[in-house]
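Asker: Sequence:
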Amino acid sequence: MTTEKISLDERDLIERSQRGDTQAFDRLVGEHYVMVYNTAYRMLGSPELAEDATVEAFARAYRSLDRFRGDSAFSTWLYRIVTNVCLDYLRGSTQPVASLDEGWGEEGDQQREVPDESANPARTALQRRRQQVVHQALQRLSGDHRAVLVLYDLHGFPYEEVSAILGVPVGTVKSRLNRARHALKRELTPELELFE
Numbered sequence: 001m002t003t004e005k006i007s008l009d010e011r012d013l014i015e016r017s018q019r020g021d022t023q024a025f026d027r028l029v030g031e032h033y034v035m036v037y038n039t040a041y042r043m044l045g046s047p048e049l050a051e052d053a054t055v056e057a058f059a060r061a062y063r064s065l066d067r068f069r070g071d072s073a074f075s076t077w078l079y080r081i082v083t084n085v086c087l088d089y090l091r092g093s094t095q096p097v098a099s100l101d102e103g104w105g106e107e108g109d110q111q112r113e114v115p116d117e118s119a120n121p122a123r124t125a126l127q128r129r130r131q132q133v134v135h136q137a138l139q140r141l142s143g144d145h146r147a148v149l150v151l152y153d154l155h156g157f158p159y160e161e162v163s164a165i166l167g168v169p170v171g172t173v174k175s176r177l178n179r180a181r182h183a184l185k186r187e188l189t190p191e192l193e194l195f196e
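Going by the working numbering, the sequence shown opens with residue 1, and the numbers climb by one from there.
Since the hints were derived computationally from the structure, they do not count as laboratory data. Positions of the beta carbon are idealized from the N, C-alpha and C atoms, including for glycine. Some hints here could point you the wrong way.
[What the hints assert, rightly or not] Quick list of the computed label-pair ranges, beta carbon to beta carbon:
| no. | residue 1 | residue 2 | range |
| --- | --- | --- | --- |
| 1 | Lys174 | Leu8 | 30 to 38 angstroms |
| 2 | Ala59 | Arg130 | 15 to 23 angstroms |
| 3 | Pro190 | Arg16 | 47 to 55 angstroms |
| 4 | Ala122 | Arg16 | 49 to 57 angstroms |
| 5 | Tyr33 | Gly171 | 31 to 39 angstroms |
| 6 | Gly156 | Arg16 | 29 to 37 angstroms |
Could you put the whole structure together from the sequences, leaning on the hints where they help?
Answerer: In structure tokens:
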């Protein structure tokens, strides 16, 4: 991810959306939907909750468009909104902890991943199990820890952008990231043999 400013086309869409052009906003939604949904899914761990959070994030973005000044990239502003929506969901209700014995899909695989057909079956099974264990461990972390891990480690944002998205100083991002990684490691310790 980069800290680049808004493209001219995106700037035009934002300005038109700010003037009430719903078709322009629909294009912005189309361009950013996957990013918003993936962030929500990784933070909330449920396709249904992720869809709800995605809709809520775009609704909040639409209502707040007049406050977008363009100081940062539109995607950074949108990441902040979706992250806040997810944190609100996590604070507002107790999320069920997934059982390590339950699968994500009908056959116990994560349905949003495309399997590598060239890999051997044993390696594919091990990789799926690792993904499942990491996903479930991530869901047991606090919302703040989950947010910083998703944004920095999974989406690859630099510290400065994570700071802007979460609305905290860079030093706080670094310390949260360190604590989040330690917490994730503690959660993964019982399943350590999968990662050796």
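Asker: Could you run down the list of hints and mark each one as holding or not?
Answerer: Hint check:
1. The supplied range of 30 to 38 angstroms is met by Lys174 and Leu8, whose beta-carbon atoms lie about 34 angstroms from each other.
2. Restraint check, Ala59 to Arg130: a C-beta distance of roughly 36 angstroms breaks the suggested window 15 to 23 angstroms.
3. Taking the beta carbon of each, Pro190 and Arg16 are about 52 angstroms apart, inside 47 to 55 angstroms as hinted.
4. Checked against the hint of 49 to 57 angstroms, the C-beta distance between Ala122 and Arg16 comes to roughly 53 angstroms, which is consistent with it.
5. Taken as a hint, the range 31 to 39 angstroms holds for the pair Tyr33 and Gly171, whose Cβ atoms sit roughly 33 angstroms apart.
6. Gly156 and Arg16 have their C-beta atoms about 30 angstroms apart, which keeps the hinted 29 to 37 angstroms range intact.
The structure shown violates just one earlier hint, number 2.
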